[in-house]
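Engineer: Quick mapping for you: the protein sequence lines, in order, are chains R and F.
So for the first sequence, full-length UniProt numbering puts the first residue at 1; every next one is plus one.
So for the second sequence, full-length UniProt numbering puts the first residue at 1; every next one is plus one.
Think of the hints as simulated: they come from the structure by calculation, not from any bench.
It should be emphasised that the depicted structure is a prediction, and the values quoted were computed from it without experimental measurement.
Be careful, since some hints might not be right.
Chain F side only, calculated, beta carbon under 7 Å to chain R, not exhaustive [said to hold, decoys possible]:
#, residue
1, Gly208
2, Arg209
3, Leu252
4, Gly253
5, Ala276
6, Gly295
7, Ala296
If you want the footprint, here are the derived chain F segments under chain R, 3+ residues with CB under 8 Å [unchecked claim]:
#, segment
8, 254-266
9, 297-306
SDA-like, lysine to any residue: derived pairs with alpha carbons at most 20 Å apart [what the hints assert, rightly or not]:
#, chain 1, residue 1, chain 2, residue 2
10, R, Lys95, F, Gly236
11, R, Lys95, F, Ala304
12, R, Lys85, F, Glu330
13, F, Lys111, F, Tyr37
14, R, Lys85, F, Gly338
15, R, Lys27, F, Gly253
16, R, Lys95, F, Gly253
17, F, Lys111, F, Ile124
18, R, Lys73, R, Leu36
19, R, Lys95, F, Glu294
20, R, Lys95, F, Ala306
21, F, Lys111, F, Arg99
22, R, Lys85, F, Gly253
23, R, Lys95, F, Glu244
24, R, Lys95, F, Arg307
25, R, Lys73, F, Leu252
26, R, Lys85, F, Ala296
27, R, Lys95, F, Gly295
28, R, Lys95, F, Gly305
29, R, Lys27, F, Gly210
30, R, Lys95, F, Ala296
31, F, Lys39, F, Pro112
32, R, Lys85, F, Gly295
33, R, Lys95, F, Ala303
34, R, Lys95, F, Glu309
35, R, Lys95, F, Leu252
All residues carry an ideal CB built from backbone N, CA and C; glycine is no exception.
Here is what each chain is made of, one letter per residue.
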Amino acid sequence: MDYGIEDKEQETLVRLRGRLTFNDHAKLRALIREMLQNKAKRQVLDLSTLEFVDSAGIGMLLIAREEMANADKQLVLRSAAGQVKRVLTVAQLNKIVTIED
Amino acid sequence: MDEAIAACRILVVDDTDFNRTLIGALLGEAGFQNVAYAKDGFDALDQIAAEAPDLLILDIMMPGMDGFEVCRRLRADHAYADLPVLVQTALSSSDDRNRAFAAGTTDLISKPLDRTELVARVRIHLQNRVLIRDLQTYRARVEGELAMARSMYDHLLPSATLCAALTDSAGVTLRSHTALSSDLGGDLWGVLPLAGGRFGLFLLDMAGRGVSAALNAFRMHTLIHELAPPLGERPGAFLTELNERAVCLLELGQHATVIYGVVDGAAERFTYAAAAAAPPVLIPPGNAPLVFGEGAGPPVGIAAGARYEEHGLPFPPDSALALHSTAVLETLGGRNGGLAALLQSAAVRNAMADGRGGDAFTAVTKALAAAQGDVPLDDHTLVWIGHGGAR
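Chain R with its partners taken away, still in its complex shape (with noise of 0.2 Å):
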């Protein structure tokens, strides 16, 4: 997984791409770090290009959705597709995580 930040007015916007797997612990925690220095109240994760999730990516995500409600920040998950899609739907995330489409 790789990702991008673009900084607007409202809001910080994420893009990941690829794919989020156990294998990218180090590197989502590197982006939660660099979201919580952000001034941005609106934290947006663009899932559009991301391809596929597994269950520790859920996990990560989750991770992010708390560190971000600590620091009074709110995460959102925005444009997920495909795979990435069926299994936010399939773990009703929406009841926990703020889900755009």
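Position chain F relative to chain R; hints supplied.
Structural biologist: Only chain F this time, still in chain R's reference frame:
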């Protein structure tokens, strides 16, 4: 100098008494305590066979068998393939040096000997050797412990005796296929015998991989068996309570997908609840279409207060139920496409129609094994429950 390096055995091979004495004195002065000597190639090979050194200092020009030949013979023997060999040489042309390397030399020491160079090269190669040996020891230990953990893991899975007992008491046949990834995953399944010829069946997939996932699977296994007596009959309440306990037990980022259901052969029904699991599939008798159950629900261990609903699937005689981990879907490709196509294939349907449930199961696991390769990237679990005739 590091004690482990100072204690390494060094064999000095030289046909000249003076050279052996000189090299030995230089090494002794530098702190190397374990130096042995050989006076020619044959003597060297004999001594190496008797006690393998950690490093060889080898002269090239020797009567009988020269240094090139000693080197070649050592490299041909697997046991000495990685023994560092330092060749002392006056050979200054690059052709000769290349010839030494082609014979398997690790490094060269120029003649006449320079004290600093000799000690520095010996030390560097011994450091590498000690480092590699430490890593090999550590690796062997980790591999051993993983193997032990894996055998403990296998022990948690239902035994053949238990499956056979269920065949008698519940009128069903249980078959399973598990393939663990090389670093242990978090897949687990099991049965909880209930009254009246029924039994509970769970399939669990812990998030993540490796030792932490396996340890968490062990904890979940304990929880599940604790909850069995009071709640085993009620899948919805079972998962709801399992989630409450797991939330207290698991760290953030660790969670499990679970399906738990009660198999009731007499009532021809499978009643279950699911937490982000792969949906169960009913393969009905005859050529009726597959029936997919419901797998959605919040994973277990994330948030307290989640409630899990009960669902039901029919389970008529001569049908089979297939429960599986999501890795199976990913391996076979597509949402339910790959698995559905496989379950509807002629090999599976014909076997089912003839009451050869075992053959149908074999056809499925064969296709799965072919798709996942020798060592799967993630754990794969497939549990196949045949009802009556579909044994």
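Engineer: A separate judgement is required for each hint: does it hold in the structure or not?
Structural biologist: Here is how each hint holds up against the structure:
At about 4 Å, the closest approach between the beta carbon of Gly208 (chain F) and any beta carbon in chain R falls short of 7 Å, and the interface hint on this residue holds. Contact between Arg209 (chain F) and chain R, as hinted, is supported at the beta carbon level, the nearest pair being about 5 Å apart and thus within 7 Å. About 6 Å separates the beta-carbon of Leu252 (chain F) from the nearest beta-carbon of chain R, less than 7 Å, and the hint is met. The restraint placing Gly253 (chain F) at the interface with chain R holds, with a minimum CB-CB distance near 4 Å, inside the 7 Å limit.
Against a cut-off of 7 Å between C-beta atoms, the interface hint on Ala276 (chain F) holds, since the closest Cβ of chain R lies about 4 Å away. Look at Gly295 (chain F): its Cβ gets to within about 6 Å of chain R, closer than 7 Å, so that hint holds up. Annotation: interface hint on Ala296 (chain F) holds; nearest CB of chain R at approximately 5 Å, less than 7 Å. Remark: the segment 254-266 of chain F is confirmed as covered by chain R, as 3 of its residues place a Cβ nearer than 8 Å to a Cβ of that chain, reaching the required three.
Closer than 8 Å: that is the beta-carbon criterion, and the segment 297-306 of chain F has 6 residues meeting it against chain R, so the requirement of 3 holds. For the proposed pair Lys95 (chain R) and Gly236 (chain F), the alpha carbon gap of about 18 Å is at most 20 Å, so the pair holds. For the suggested pair Lys95 (chain R) and Ala304 (chain F), the alpha carbons sit about 12 Å apart, so the restraint of at most 20 Å is met. A C-alpha spacing of about 14 Å is found between Lys85 (chain R) and Glu330 (chain F), which places the hinted pair at or below 20 Å, so the restraint holds.
Of the supplied pair hints, the one linking Lys111 (chain F) and Tyr37 (chain F) holds, its CA atoms being roughly 18 Å apart against a limit of 20 Å. Simply put, Lys85 (chain R) and Gly338 (chain F) have alpha-carbon atoms about 18 Å apart, close enough for the 20 Å limit, and the pair holds. In summary, the hint linking Lys27 (chain R) to Gly253 (chain F) is supported, as the alpha carbons are separated by about 15 Å, within the 20 Å threshold. Distance check on the hinted pair: Lys95 (chain R) and Gly253 (chain F) sit about 16 Å apart at the alpha-carbon level, within 20 Å; holds.
For a cut-off of 20 Å, the pair hint linking Lys111 (chain F) to Ile124 (chain F) stands: about 19 Å separates their Cα positions. Distance check on the hinted pair: Lys73 (chain R) and Leu36 (chain R) sit about 8 Å apart at the alpha-carbon level, within 20 Å; holds. With a C-alpha separation of about 18 Å, the suggested pairing of Lys95 (chain R) with Glu294 (chain F) holds against the 20 Å cut-off. Our distance criterion of 20 Å between C-alpha atoms is met by Lys95 (chain R) and Ala306 (chain F), whose separation comes to about 10 Å.
Distance check on the hinted pair: Lys111 (chain F) and Arg99 (chain F) sit about 17 Å apart at the alpha-carbon level, within 20 Å; holds. With a C-alpha separation of about 19 Å, the suggested pair Lys85 (chain R) and Gly253 (chain F) falls inside the 20 Å cut-off, and the hint holds. Taking the CA atoms of Lys95 (chain R) and Glu244 (chain F), the gap is near 16 Å; set against the 20 Å cutoff, the hint holds. For the given pair, Lys95 (chain R) sits about 12 Å from Arg307 (chain F) by alpha-carbon distance, which is consistent with the 20 Å threshold.
Simply put, Lys73 (chain R) and Leu252 (chain F) have alpha-carbon atoms about 18 Å apart, close enough for the 20 Å limit, and the pair holds. Taken as a hint, the Lys85 (chain R) and Ala296 (chain F) pair is honoured in the structure, with Cα atoms around 13 Å apart against an allowance of 20 Å. Restraint check: the Cα-Cα separation between Lys95 (chain R) and Gly295 (chain F) comes to about 16 Å, which is no more than 20 Å; the hinted pair holds. Annotation: proposed proximity of Lys95 (chain R) to Gly305 (chain F) holds, straight-line Cα distance about 11 Å (limit 20 Å).
Simply put, Lys27 (chain R) and Gly210 (chain F) have alpha-carbon atoms about 18 Å apart, close enough for the 20 Å limit, and the pair holds. A hinted pair counts as satisfied when its Cα atoms are at most 20 Å apart, and Lys95 (chain R) with Ala296 (chain F) qualifies at roughly 13 Å. Taking the CA atoms of Lys39 (chain F) and Pro112 (chain F), the gap is near 19 Å; set against the 20 Å cutoff, the hint holds. Using a Cα cut-off of 20 Å, the hinted pair Lys85 (chain R) and Gly295 (chain F) holds, with the two alpha carbons roughly 15 Å apart.
Straight-line distance between C-alpha atoms of Lys95 (chain R) and Ala303 (chain F) comes to about 10 Å, which keeps the hinted pair within the 20 Å bound. Annotation: proposed proximity of Lys95 (chain R) to Glu309 (chain F) holds, straight-line Cα distance about 16 Å (limit 20 Å). Simply put, Lys95 (chain R) and Leu252 (chain F) have alpha-carbon atoms about 16 Å apart, close enough for the 20 Å limit, and the pair holds.
In the structure shown, no violation is registered for any of the earlier numbered hints.
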